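Counting with the UniProt record's numbering, you get residues 1 to 210 for the letters of the sequence shown.
Everything labelled a hint here was simulated from the structure, so no lab data went into it.
Worth double-checking, as some hints may not be accurate.
[Said to hold, decoys possible] Here are the simulated BS3-like pairs of lysine-lysine, each with C-alpha atoms no more than 30 Å apart in a straight line:
no., residue 1, residue 2
1, K35, K169
2, K98, K7
3, K29, K9
In this text, all values refer to a predicted model and were calculated from it rather than measured experimentally.
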Amino acid sequence: MADNTYKSKNITMCYDGKYRWVYELDMYKSPVIIKEVWRAMLVAGVIVLAILFAINIMDGDLMETLQFVAQAAAILFGIFLVLSIIGYLVFAYIIGGKYCVVFEMDEEGINHKQHDKHVKKSELAGAITVLAGLAGGNLSTVGTGILAASRTSMLTYFDDVKELEILPKEHLICLNETLSRNQVYAEDEDFAFVANYIKSHCRNAKVREG
């Protein structure tokens, strides 16, 4: 049974037993998402360089191969850096500079739903209020529809989490599985509750706090 004792203006316990809240991230001010882009590109770049090293070491000596790979690395990461910044700014512009997310959390896991730029934070908060049972009739259908109309969704089960990164300064909790990484955001006043709730349910995870 979910804990009903937590009270907040931002986080609501809905009739289906899930905590829900909206978080709006300013993409021009927060470095969190661009860091994730660079992390992914770094992994891809290292894989490409490892392949280049393996191919060239068979045809040349070690020093020549290392020189070639170092030059390739400088060019590759330079291209990645420029493209990632341009791509990030274009993406931020397309979605209106705001990354608007609804989080749904219960005993089993947490779902991260990104919404289109035309769906405002106030509309999402209103839909959550409807789901909390504060309005009746067919409004509950409207609320469910708004919350369901997400662009992307990522569900993480707490039992599958291998590592937790808790970063209060960035309002961020990262739930890392073997092949995926879910990002959970919460406002300052709610951060401790969300972090502690997730930490207490991720029984198999190592915890890193920054």
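Now for the hints, and whether the structure bears them out:
1. Only pairs whose Cα atoms come within 30 Å are accepted, and K35 paired with K169 is accepted, the gap being roughly 15 Å.
2. At roughly 26 Å between alpha-carbon atoms, K98 and K7 fall within 30 Å of each other, so this suggested pair holds.
3. About 24 Å separates the Cα atoms of K29 and K9, which keeps this hinted pair within 30 Å; it holds.
This entry satisfies every hint, going by the numbered hints stated previously.
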